[in-house]
Amino acid sequence: MIASTPRGDEIRATVEARLREARRGGATPETVRVVLRGQPANLEVITMPVSDLYYNPRTRRIRAQRAHDPVRDAELDEYPWSGSSQDYLHDLLTKKPDNPDAPDPSFDALKKDLAEFGQNDAGIITHSGILVNGNTRKAALEELTRPNMRVAVLPADASWLDVDEIELQLQLQTDHRRDYSYINRILAIHEQIAAGRAVPEIVKDFRTTRASVDADMWIYSFITDAIERSRTELASGHEAALRLMDFEGHQESLKELHRHQKAAGRREADTLKESRLLAILMDTAKTKLRYIDDGFHKDYLAPKLDARFAPVAEPDRGGGGGVPGFDPGAGLELEGDDATVKSARAATDAVLKAKVKQAFAGSITPKEAGDAQEILSTVSEVLERGVERAEATARRNQRRNAAAERLAEVTGLVREATQQAAQARSQDLMHHEALDAALVELSTALKQLSRVASRGVEHPGRGLVWLQESVADL
0 MIASTPRGDE IRATVEARLR EARRGGATPE TVRVVLRGQP ANLEVITMPV SDLYYNPRTR
60 RIRAQRAHDP VRDAELDEYP WSGSSQDYLH DLLTKKPDNP DAPDPSFDAL KKDLAEFGQN
120 DAGIITHSGI LVNGNTRKAA LEELTRPNMR VAVLPADASW LDVDEIELQL QLQTDHRRDY
180 SYINRILAIH EQIAAGRAVP EIVKDFRTTR ASVDADMWIY SFITDAIERS RTELASGHEA
240 ALRLMDFEGH QESLKELHRH QKAAGRREAD TLKESRLLAI LMDTAKTKLR YIDDGFHKDY
300 LAPKLDARFA PVAEPDRGGG GGVPGFDPGA GLELEGDDAT VKSARAATDA VLKAKVKQAF
360 AGSITPKEAG DAQEILSTVS EVLERGVERA EATARRNQRR NAAAERLAEV TGLVREATQQ
420 AAQARSQDLM HHEALDAALV ELSTALKQLS RVASRGVEHP GRGLVWLQES VADL
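Per numbering that gives the first Met the number 0, the very first residue in the sequence shown carries number 0; after that it's consecutive.
These aren't lab readings, by the way, just hints derived from the structure by calculation.
Hints may contain errors.
Label pairs and their in silico Cβ distance ranges [unchecked claim]:
(1) V311 <-> A101: 34 to 40 Å
(2) D305 <-> R265: 26 to 32 Å
(3) S158 <-> E238: 30 to 36 Å
(4) S211 <-> D156: 33 to 39 Å
(5) V198 <-> S425: 50 to 56 Å
(6) K287 <-> E142: 35 to 41 Å
(7) E232 <-> D298: 49 to 55 Å
(8) V456 <-> R289: 29 to 35 Å
(9) D156 <-> R19: 17 to 23 Å
(10) S158 <-> A262: 42 to 48 Å
(11) A338 <-> K287: 25 to 31 Å
(12) A312 <-> A234: 20 to 26 Å
Here are the simulated DSBU-like pairs of lysine-lysine, each with C-alpha atoms no more than 35 Å apart in a straight line [unchecked claim]:
(13) K366 <-> K446
(14) K287 <-> K254
(15) K111 <-> K254
(16) K261 <-> K287
(17) K352 <-> K94
Glycine included, C-beta positions come from ideal geometry on N, C-alpha and C.
With the sequences and hints as input, model every part of the structure.
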(Lines of atoms letter the chains of each structure in order from A and count residues from 1; the text may use other names and numbers.)
(Lines give C-alpha, C1' and ligand atoms only; values in the text may rest on other atoms or scores of the structure.)
Protein backbone atom coordinates (compact mmCIF):
# COMPACT_ATOMS: atom_id res chain seq x y z
CA MET A 1 0.00 0.00 0.00
CA ILE A 2 0.96 3.62 -0.46
CA ALA A 3 2.03 5.48 2.67
CA SER A 4 -0.41 8.18 3.68
CA THR A 5 0.33 11.84 2.99
CA PRO A 6 0.32 14.36 5.90
CA ARG A 7 -3.25 15.43 5.09
CA GLY A 8 -4.17 12.02 3.73
CA ASP A 9 -7.29 11.43 5.85
CA GLU A 10 -8.65 14.91 5.17
CA ILE A 11 -7.99 14.65 1.42
CA ARG A 12 -9.41 11.12 1.29
CA ALA A 13 -12.62 12.38 2.87
CA THR A 14 -12.84 15.17 0.28
CA VAL A 15 -12.22 12.73 -2.58
CA GLU A 16 -14.87 10.29 -1.37
CA ALA A 17 -17.40 13.06 -0.79
CA ARG A 18 -16.90 14.43 -4.31
CA LEU A 19 -17.12 10.94 -5.82
CA ARG A 20 -20.48 10.45 -4.07
CA GLU A 21 -21.63 13.85 -5.30
CA ALA A 22 -20.61 13.03 -8.88
CA ARG A 23 -22.51 9.74 -8.76
CA ARG A 24 -25.67 11.48 -7.50
CA GLY A 25 -25.69 13.94 -10.40
CA GLY A 26 -28.10 13.37 -13.22
CA ALA A 27 -25.59 13.79 -16.04
CA THR A 28 -23.37 11.00 -17.33
CA PRO A 29 -20.21 11.18 -15.21
CA GLU A 30 -16.89 11.91 -16.89
CA THR A 31 -14.42 9.02 -16.77
CA VAL A 32 -10.87 8.22 -17.82
CA ARG A 33 -10.30 4.77 -19.29
CA VAL A 34 -7.12 2.93 -18.29
CA VAL A 35 -5.88 -0.64 -18.03
CA LEU A 36 -5.65 -1.49 -14.32
CA ARG A 37 -4.13 -4.82 -13.25
CA GLY A 38 -4.57 -6.14 -16.76
CA GLN A 39 -8.26 -5.18 -17.07
CA PRO A 40 -9.94 -2.10 -18.62
CA ALA A 41 -11.21 0.30 -15.97
CA ASN A 42 -13.17 3.56 -16.09
CA LEU A 43 -11.96 5.98 -13.41
CA GLU A 44 -14.45 8.60 -12.26
CA VAL A 45 -13.43 12.26 -12.63
CA ILE A 46 -13.90 14.90 -9.93
CA THR A 47 -12.63 18.42 -9.35
CA MET A 48 -10.08 18.88 -6.57
CA PRO A 49 -8.30 21.93 -5.12
CA VAL A 50 -4.80 22.18 -6.60
CA SER A 51 -3.50 22.76 -3.07
CA ASP A 52 -4.78 19.31 -2.02
CA LEU A 53 -2.71 17.47 -4.62
CA TYR A 54 0.81 16.13 -4.13
CA TYR A 55 3.48 15.70 -6.77
CA ASN A 56 4.48 12.08 -7.22
CA PRO A 57 8.09 11.64 -5.98
CA ARG A 58 8.39 8.49 -8.14
CA THR A 59 7.39 10.12 -11.42
CA ARG A 60 9.63 9.01 -14.26
CA ARG A 61 9.42 12.43 -15.87
CA ILE A 62 12.17 13.85 -13.64
CA ARG A 63 13.75 10.71 -12.23
CA ALA A 64 17.23 11.49 -13.60
CA GLN A 65 16.94 15.20 -12.75
CA ARG A 66 16.37 14.55 -9.04
CA ALA A 67 20.14 14.11 -8.65
CA HIS A 68 20.63 17.77 -9.61
CA ASP A 69 20.74 18.74 -5.93
CA PRO A 70 21.92 15.77 -3.82
CA VAL A 71 20.90 17.39 -0.52
CA ARG A 72 17.33 18.08 -1.66
CA ASP A 73 17.19 14.66 -3.34
CA ALA A 74 18.13 12.96 -0.05
CA GLU A 75 15.43 14.95 1.76
CA LEU A 76 12.94 13.97 -0.94
CA ASP A 77 13.73 10.30 -0.31
CA GLU A 78 13.18 10.67 3.43
CA TYR A 79 10.34 13.21 3.52
CA PRO A 80 8.61 13.11 0.11
CA TRP A 81 5.51 15.04 1.25
CA SER A 82 7.25 17.91 3.06
CA GLY A 83 6.86 21.42 1.70
CA SER A 84 10.51 21.70 0.68
CA SER A 85 10.47 18.30 -1.08
CA GLN A 86 7.31 19.18 -2.98
CA ASP A 87 8.88 22.54 -3.90
CA TYR A 88 11.91 20.68 -5.29
CA LEU A 89 9.67 18.51 -7.46
CA HIS A 90 7.86 21.63 -8.67
CA ASP A 91 11.17 23.26 -9.61
CA LEU A 92 12.35 20.21 -11.57
CA LEU A 93 9.04 19.86 -13.42
CA THR A 94 9.29 23.43 -14.68
CA LYS A 95 12.95 23.36 -15.78
CA LYS A 96 14.86 21.96 -18.76
CA PRO A 97 15.83 18.28 -18.41
CA ASP A 98 19.42 18.94 -19.49
CA ASN A 99 19.77 22.08 -17.35
CA PRO A 100 17.52 22.14 -14.26
CA ASP A 101 18.62 25.70 -13.53
CA ALA A 102 17.00 27.02 -16.74
CA PRO A 103 13.29 27.46 -17.55
CA ASP A 104 11.83 24.84 -19.88
CA PRO A 105 10.18 26.34 -23.00
CA SER A 106 7.88 23.31 -23.28
CA PHE A 107 6.57 24.00 -19.77
CA ASP A 108 5.99 27.64 -20.68
CA ALA A 109 4.07 26.47 -23.76
CA LEU A 110 1.92 24.15 -21.62
CA LYS A 111 1.20 26.98 -19.19
CA LYS A 112 0.20 29.27 -22.06
CA ASP A 113 -2.09 26.57 -23.48
CA LEU A 114 -3.79 26.06 -20.11
CA ALA A 115 -4.21 29.80 -19.64
CA GLU A 116 -5.84 30.16 -23.06
CA PHE A 117 -7.89 26.98 -23.40
CA GLY A 118 -8.13 25.52 -19.91
CA GLN A 119 -7.57 21.92 -18.88
CA ASN A 120 -8.58 19.43 -21.58
CA ASP A 121 -7.55 16.10 -20.06
CA ALA A 122 -8.06 15.07 -16.47
CA GLY A 123 -5.11 14.00 -14.37
CA ILE A 124 -5.19 10.90 -12.17
CA ILE A 125 -4.73 10.74 -8.39
CA THR A 126 -4.79 8.27 -5.52
CA HIS A 127 -7.37 8.65 -2.75
CA SER A 128 -4.75 10.48 -0.66
CA GLY A 129 -4.13 13.08 -3.38
CA ILE A 130 -0.91 11.79 -4.97
CA LEU A 131 -0.77 12.56 -8.69
CA VAL A 132 -0.26 9.54 -10.92
CA ASN A 133 -0.61 11.55 -14.11
CA GLY A 134 -0.73 15.32 -14.47
CA ASN A 135 2.23 16.41 -12.34
CA THR A 136 3.36 19.00 -14.88
CA ARG A 137 -0.19 20.26 -15.35
CA LYS A 138 -0.50 20.80 -11.59
CA ALA A 139 2.73 22.82 -11.68
CA ALA A 140 1.37 24.97 -14.50
CA LEU A 141 -2.03 25.46 -12.85
CA GLU A 142 -0.29 26.37 -9.60
CA GLU A 143 1.79 29.04 -11.33
CA LEU A 144 -1.34 30.34 -13.03
CA THR A 145 -2.97 30.47 -9.55
CA ARG A 146 -5.87 28.35 -10.81
CA PRO A 147 -7.68 26.94 -7.76
CA ASN A 148 -8.93 23.62 -9.14
CA MET A 149 -7.84 20.65 -11.24
CA ARG A 150 -9.94 17.89 -12.79
CA VAL A 151 -8.65 14.45 -11.80
CA ALA A 152 -9.71 10.83 -12.15
CA VAL A 153 -9.41 8.71 -9.02
CA LEU A 154 -7.76 5.31 -8.65
CA PRO A 155 -9.41 2.67 -6.44
CA ALA A 156 -8.79 3.10 -2.72
CA ASP A 157 -6.56 0.01 -2.59
CA ALA A 158 -4.19 1.22 -5.33
CA SER A 159 -0.54 0.30 -4.79
CA TRP A 160 2.71 1.85 -5.99
CA LEU A 161 2.82 -0.88 -8.63
CA ASP A 162 -0.55 0.34 -9.95
CA VAL A 163 0.68 3.94 -9.90
CA ASP A 164 3.89 3.12 -11.79
CA GLU A 165 2.13 0.99 -14.41
CA ILE A 166 -0.58 3.54 -15.16
CA GLU A 167 1.87 6.45 -15.33
CA LEU A 168 3.94 4.58 -17.92
CA GLN A 169 0.85 3.41 -19.80
CA LEU A 170 -0.48 6.96 -20.19
CA GLN A 171 2.91 8.44 -20.98
CA LEU A 172 3.38 6.08 -23.92
CA GLN A 173 0.11 7.03 -25.59
CA THR A 174 0.91 8.74 -28.89
CA ASP A 175 -1.30 11.75 -28.15
CA HIS A 176 0.40 12.56 -24.85
CA ARG A 177 1.29 16.23 -24.64
CA ARG A 178 4.84 16.11 -23.27
CA ASP A 179 7.37 13.31 -23.84
CA TYR A 180 9.84 11.95 -21.35
CA SER A 181 13.36 13.26 -21.79
CA TYR A 182 15.71 10.78 -23.48
CA ILE A 183 17.48 9.72 -20.29
CA ASN A 184 14.20 9.24 -18.42
CA ARG A 185 12.89 7.19 -21.34
CA ILE A 186 15.83 4.76 -21.31
CA LEU A 187 15.53 4.60 -17.52
CA ALA A 188 11.90 3.52 -17.96
CA ILE A 189 12.89 0.86 -20.51
CA HIS A 190 15.66 -0.44 -18.24
CA GLU A 191 13.19 -0.55 -15.34
CA GLN A 192 10.83 -2.70 -17.40
CA ILE A 193 13.62 -5.09 -18.43
CA ALA A 194 14.87 -5.34 -14.84
CA ALA A 195 11.33 -6.18 -13.75
CA GLY A 196 11.45 -9.22 -16.05
CA ARG A 197 9.12 -8.03 -18.79
CA ALA A 198 9.63 -9.64 -22.20
CA VAL A 199 11.37 -7.42 -24.73
CA PRO A 200 8.64 -7.88 -27.39
CA GLU A 201 6.10 -6.48 -24.89
CA ILE A 202 8.36 -3.50 -24.15
CA VAL A 203 8.84 -2.89 -27.87
CA LYS A 204 5.06 -2.81 -28.33
CA ASP A 205 4.36 -0.57 -25.33
CA PHE A 206 7.08 1.95 -26.20
CA ARG A 207 6.16 1.88 -29.90
CA THR A 208 9.75 1.19 -30.88
CA THR A 209 11.87 -1.61 -32.36
CA ARG A 210 14.04 -4.36 -30.91
CA ALA A 211 17.10 -2.69 -32.43
CA SER A 212 16.23 0.61 -30.73
CA VAL A 213 15.75 -1.09 -27.36
CA ASP A 214 19.11 -2.85 -27.75
CA ALA A 215 20.77 0.47 -28.63
CA ASP A 216 19.12 2.23 -25.67
CA MET A 217 20.30 -0.47 -23.27
CA TRP A 218 23.84 -0.29 -24.67
CA ILE A 219 23.76 3.48 -24.10
CA TYR A 220 22.36 2.99 -20.58
CA SER A 221 25.24 0.62 -19.78
CA PHE A 222 27.75 3.01 -21.36
CA ILE A 223 26.47 5.93 -19.26
CA THR A 224 26.28 4.02 -15.98
CA ASP A 225 29.83 2.71 -16.53
CA ALA A 226 31.02 6.29 -17.06
CA ILE A 227 29.25 7.35 -13.86
CA GLU A 228 30.95 4.58 -11.87
CA ARG A 229 34.34 5.57 -13.29
CA SER A 230 33.70 9.20 -12.35
CA ARG A 231 33.35 8.45 -8.62
CA THR A 232 35.89 10.49 -6.70
CA GLU A 233 36.46 11.47 -3.10
CA LEU A 234 36.32 15.19 -2.41
CA ALA A 235 38.49 17.00 0.13
CA SER A 236 35.50 16.98 2.48
CA GLY A 237 35.66 13.19 2.58
CA HIS A 238 32.40 12.77 0.69
CA GLU A 239 32.23 10.72 -2.50
CA ALA A 240 30.64 12.25 -5.59
CA ALA A 241 29.96 11.13 -9.15
CA LEU A 242 28.39 12.34 -12.36
CA ARG A 243 24.62 11.98 -12.67
CA LEU A 244 22.42 10.46 -15.35
CA MET A 245 21.01 13.91 -16.08
CA ASP A 246 24.52 15.08 -17.05
CA PHE A 247 24.08 13.06 -20.25
CA GLU A 248 20.79 14.71 -21.27
CA GLY A 249 21.12 16.52 -24.58
CA HIS A 250 23.59 14.01 -26.04
CA GLN A 251 21.03 11.56 -27.44
CA GLU A 252 22.13 11.74 -31.08
CA SER A 253 25.84 11.65 -30.22
CA LEU A 254 25.34 8.55 -28.08
CA LYS A 255 23.27 6.81 -30.75
CA GLU A 256 25.89 7.58 -33.40
CA LEU A 257 28.62 6.20 -31.12
CA HIS A 258 26.62 2.98 -30.73
CA ARG A 259 26.34 2.61 -34.51
CA HIS A 260 30.03 3.23 -35.11
CA GLN A 261 31.37 0.98 -32.35
CA LYS A 262 29.28 -1.95 -33.62
CA ALA A 263 31.17 -1.85 -36.92
CA ALA A 264 34.62 -1.64 -35.31
CA GLY A 265 36.91 -4.32 -33.91
CA ARG A 266 37.16 -4.70 -30.14
CA ARG A 267 40.23 -2.55 -29.55
CA GLU A 268 39.21 0.03 -32.14
CA ALA A 269 35.76 0.20 -30.51
CA ASP A 270 37.27 0.62 -27.04
CA THR A 271 39.50 3.48 -28.17
CA LEU A 272 36.65 5.10 -30.09
CA LYS A 273 34.36 4.92 -27.01
CA GLU A 274 36.96 6.59 -24.81
CA SER A 275 37.68 9.43 -27.23
CA ARG A 276 34.00 10.05 -27.98
CA LEU A 277 33.11 9.97 -24.27
CA LEU A 278 35.80 12.54 -23.54
CA ALA A 279 34.47 14.75 -26.35
CA ILE A 280 30.86 14.38 -25.17
CA LEU A 281 31.89 15.35 -21.64
CA MET A 282 33.48 18.47 -23.12
CA ASP A 283 30.24 19.30 -25.02
CA THR A 284 31.81 18.91 -28.45
CA ALA A 285 29.26 19.61 -31.18
CA LYS A 286 27.73 16.53 -32.81
CA THR A 287 28.85 17.78 -36.23
CA LYS A 288 32.45 17.67 -34.98
CA LEU A 289 32.24 14.27 -33.26
CA ARG A 290 32.26 12.54 -36.65
CA TYR A 291 35.94 13.47 -37.02
CA ILE A 292 36.84 11.60 -33.82
CA ASP A 293 37.69 8.05 -34.86
CA ASP A 294 39.62 5.22 -33.20
CA GLY A 295 42.94 6.84 -34.13
CA PHE A 296 42.06 10.27 -32.76
CA HIS A 297 43.56 9.79 -29.31
CA LYS A 298 46.89 8.47 -30.58
CA ASP A 299 47.21 11.07 -33.35
CA TYR A 300 45.88 14.23 -31.72
CA LEU A 301 45.43 13.90 -27.94
CA ALA A 302 48.20 11.72 -26.52
CA PRO A 303 51.08 13.79 -27.99
CA LYS A 304 49.71 16.98 -26.36
CA LEU A 305 48.49 15.77 -22.95
CA ASP A 306 50.83 15.77 -19.95
CA ALA A 307 51.36 13.31 -17.09
CA ARG A 308 48.06 14.27 -15.40
CA PHE A 309 46.31 12.30 -18.15
CA ALA A 310 48.68 9.31 -18.25
CA PRO A 311 47.81 5.80 -17.00
CA VAL A 312 48.92 4.94 -13.49
CA ALA A 313 51.92 2.61 -13.65
CA GLU A 314 50.90 -0.95 -12.83
CA PRO A 315 53.10 -3.15 -10.63
CA ASP A 316 55.03 -5.92 -12.37
CA ARG A 317 52.93 -9.05 -11.95
CA GLY A 318 55.48 -11.38 -13.51
CA GLY A 319 55.00 -13.69 -16.45
CA GLY A 320 51.75 -15.16 -15.21
CA GLY A 321 49.73 -11.98 -15.64
CA GLY A 322 48.90 -11.97 -11.92
CA VAL A 323 47.66 -15.59 -11.84
CA PRO A 324 49.56 -17.48 -9.08
CA GLY A 325 51.56 -20.44 -10.37
CA PHE A 326 50.77 -19.73 -14.02
CA ASP A 327 53.57 -19.22 -16.55
CA PRO A 328 52.30 -18.57 -20.08
CA GLY A 329 55.63 -19.66 -21.54
CA ALA A 330 57.77 -18.14 -24.25
CA GLY A 331 55.88 -16.47 -27.08
CA LEU A 332 52.53 -16.58 -25.28
CA GLU A 333 51.08 -13.46 -23.67
CA LEU A 334 47.77 -12.92 -21.97
CA GLU A 335 45.53 -10.61 -23.94
CA GLY A 336 44.71 -7.29 -22.32
CA ASP A 337 44.05 -3.69 -23.24
CA ASP A 338 46.77 -2.33 -25.47
CA ALA A 339 48.70 0.83 -24.65
CA THR A 340 46.48 3.08 -26.76
CA VAL A 341 43.29 1.91 -25.03
CA LYS A 342 44.88 2.37 -21.59
CA SER A 343 46.12 5.83 -22.53
CA ALA A 344 42.72 6.88 -23.88
CA ARG A 345 40.93 5.53 -20.80
CA ALA A 346 43.29 7.35 -18.44
CA ALA A 347 42.68 10.66 -20.22
CA THR A 348 38.92 10.15 -20.09
CA ASP A 349 39.07 9.19 -16.40
CA ALA A 350 40.89 12.44 -15.63
CA VAL A 351 38.15 14.40 -17.39
CA LEU A 352 35.37 12.40 -15.68
CA LYS A 353 36.73 13.22 -12.23
CA ALA A 354 37.34 16.87 -13.13
CA LYS A 355 33.74 17.19 -14.37
CA VAL A 356 32.52 15.80 -11.04
CA LYS A 357 34.46 18.45 -9.15
CA GLN A 358 33.13 21.11 -11.50
CA ALA A 359 29.56 19.93 -10.81
CA PHE A 360 30.13 19.97 -7.04
CA ALA A 361 32.15 23.18 -6.94
CA GLY A 362 30.40 24.30 -3.76
CA SER A 363 31.68 21.25 -1.86
CA ILE A 364 35.38 21.35 -2.73
CA THR A 365 38.41 23.42 -1.75
CA PRO A 366 39.72 26.26 -3.93
CA LYS A 367 42.75 24.10 -4.79
CA GLU A 368 40.54 21.22 -5.95
CA ALA A 369 38.49 23.63 -8.02
CA GLY A 370 41.60 25.17 -9.56
CA ASP A 371 43.15 21.79 -10.39
CA ALA A 372 39.93 20.56 -11.98
CA GLN A 373 39.57 23.72 -14.04
CA GLU A 374 43.16 23.43 -15.26
CA ILE A 375 42.52 19.87 -16.43
CA LEU A 376 39.35 20.87 -18.26
CA SER A 377 40.98 23.93 -19.82
CA THR A 378 43.92 21.86 -21.06
CA VAL A 379 41.65 19.19 -22.53
CA SER A 380 39.39 21.79 -24.12
CA GLU A 381 42.30 23.43 -25.92
CA VAL A 382 43.93 20.17 -27.04
CA LEU A 383 40.59 18.67 -28.09
CA GLU A 384 39.57 21.73 -30.09
CA ARG A 385 42.87 21.81 -31.97
CA GLY A 386 42.77 18.05 -32.50
CA VAL A 387 39.27 18.20 -33.98
CA GLU A 388 40.32 21.05 -36.27
CA ARG A 389 43.29 19.02 -37.52
CA ALA A 390 41.23 15.84 -37.89
CA GLU A 391 38.57 17.75 -39.83
CA ALA A 392 41.20 19.28 -42.12
CA THR A 393 42.71 15.83 -42.73
CA ALA A 394 39.28 14.36 -43.48
CA ARG A 395 38.52 17.14 -45.95
CA ARG A 396 41.88 16.67 -47.67
CA ASN A 397 41.25 12.95 -47.96
CA GLN A 398 37.79 13.67 -49.29
CA ARG A 399 39.21 15.92 -52.01
CA ARG A 400 42.00 13.44 -52.72
CA ASN A 401 39.57 10.60 -53.26
CA ALA A 402 36.73 12.55 -54.85
CA ALA A 403 37.82 11.95 -58.48
CA ALA A 404 38.33 8.22 -57.93
CA GLU A 405 34.96 7.91 -56.18
CA ARG A 406 33.19 9.70 -59.02
CA LEU A 407 34.87 7.45 -61.59
CA ALA A 408 33.72 4.42 -59.61
CA GLU A 409 30.18 5.76 -59.92
CA VAL A 410 30.72 6.33 -63.66
CA THR A 411 31.91 2.73 -64.03
CA GLY A 412 28.60 1.56 -62.65
CA LEU A 413 26.72 3.86 -65.02
CA VAL A 414 28.71 2.58 -68.02
CA ARG A 415 27.85 -1.00 -67.08
CA GLU A 416 24.21 -0.01 -66.75
CA ALA A 417 24.34 1.73 -70.15
CA THR A 418 25.87 -1.42 -71.67
CA GLN A 419 22.96 -3.52 -70.42
CA GLN A 420 20.44 -1.00 -71.71
CA ALA A 421 22.17 -0.85 -75.12
CA ALA A 422 22.10 -4.65 -75.35
CA GLN A 423 18.41 -4.69 -74.47
CA ALA A 424 17.62 -1.98 -77.04
CA ARG A 425 19.58 -3.82 -79.75
CA SER A 426 17.83 -7.13 -79.02
CA GLN A 427 14.49 -5.38 -79.51
CA ASP A 428 15.71 -3.43 -82.54
CA LEU A 429 15.13 -0.15 -80.68
CA MET A 430 18.68 1.23 -80.75
CA HIS A 431 18.88 4.99 -81.44
CA HIS A 432 22.33 4.99 -83.04
CA GLU A 433 22.55 8.75 -83.66
CA ALA A 434 21.78 9.61 -80.03
CA LEU A 435 24.24 7.00 -78.77
CA ASP A 436 26.94 8.29 -81.11
CA ALA A 437 26.45 11.89 -79.94
CA ALA A 438 26.71 10.78 -76.31
CA LEU A 439 29.91 8.83 -77.05
CA VAL A 440 31.47 11.91 -78.66
CA GLU A 441 30.73 13.90 -75.50
CA LEU A 442 32.23 11.09 -73.43
CA SER A 443 35.39 11.07 -75.55
CA THR A 444 35.80 14.82 -75.05
CA ALA A 445 35.41 14.42 -71.30
CA LEU A 446 37.92 11.54 -71.25
CA LYS A 447 40.48 13.63 -73.15
CA GLN A 448 40.12 16.42 -70.59
CA LEU A 449 40.46 13.93 -67.74
CA SER A 450 43.60 12.46 -69.32
CA ARG A 451 45.23 15.89 -69.61
CA VAL A 452 44.46 16.86 -66.02
CA ALA A 453 45.37 13.48 -64.51
CA SER A 454 48.67 13.28 -66.43
CA ARG A 455 50.09 16.60 -65.23
CA GLY A 456 53.25 16.09 -63.19
CA VAL A 457 53.04 12.28 -63.32
CA GLU A 458 56.38 10.80 -64.43
CA HIS A 459 55.45 7.15 -63.96
CA PRO A 460 51.75 6.67 -64.67
CA GLY A 461 49.99 3.55 -63.45
CA ARG A 462 48.16 1.05 -65.60
CA GLY A 463 44.87 2.91 -65.47
CA LEU A 464 46.32 6.25 -66.50
CA VAL A 465 48.43 4.61 -69.28
CA TRP A 466 45.27 3.00 -70.63
CA LEU A 467 43.45 6.34 -70.57
CA GLN A 468 46.32 8.15 -72.32
CA GLU A 469 46.47 5.52 -75.06
CA SER A 470 42.69 5.36 -75.44
CA VAL A 471 42.28 9.10 -76.09
CA ALA A 472 45.47 9.58 -78.12
CA ASP A 473 43.70 9.29 -81.48
CA LEU A 474 40.45 11.01 -80.49
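Against the structure, the hints:
Distance hint for V311 and A101: a CB-CB separation of about 38 Å, consistent with the stated range 34 to 40 Å. The hinted range of 26 to 32 Å is satisfied by D305 and R265, whose Cβ atoms lie roughly 29 Å apart. Checked against the hint of 30 to 36 Å, the pair S158 and E238 passes, with Cβ atoms roughly 34 Å apart. In this structure the supplied range 33 to 39 Å holds for S211 paired with D156, their Cβ-Cβ distance being about 36 Å.
Range check, V198 to S425: about 53 Å between beta-carbon atoms, so the 50 to 56 Å window is met. Between K287 and E142 the CB atoms are about 38 Å apart, so this pair conforms to the stated range of 35 to 41 Å. Range check, E232 to D298: about 34 Å between beta-carbon atoms, so the 49 to 55 Å window is missed. For the pair V456 and R289, the supplied restraint of 29 to 35 Å holds, since their beta-carbon distance comes to about 33 Å.
In this structure the supplied range 17 to 23 Å holds for D156 paired with R19, their Cβ-Cβ distance being about 18 Å. Separation of S158 from A262 is about 45 Å and conforms to the stated range, judged on CB atoms against 42 to 48 Å. As the Cβ distance of A338 to K287 is approximately 26 Å, the hint placing it in 25 to 31 Å holds. Distance hint for A312 and A234: a CB-CB separation of about 25 Å, consistent with the stated range 20 to 26 Å.
At most 35 Å may separate the alpha-carbon atoms for a hinted pair to count; K366 and K446 exceed this at roughly 69 Å. With a C-alpha separation of about 15 Å, the suggested pair K287 and K254 falls inside the 35 Å cut-off, and the hint holds. For the given pair, K111 sits about 33 Å from K254 by alpha-carbon distance, which is consistent with the 35 Å threshold. Only pairs whose Cα atoms come within 35 Å are accepted, and K261 paired with K287 is accepted, the gap being roughly 20 Å.
Only pairs whose Cα atoms come within 35 Å are accepted, and K352 paired with K94 is accepted, the gap being roughly 26 Å.
The earlier numbered hints that this structure contradicts are 7 and 13.
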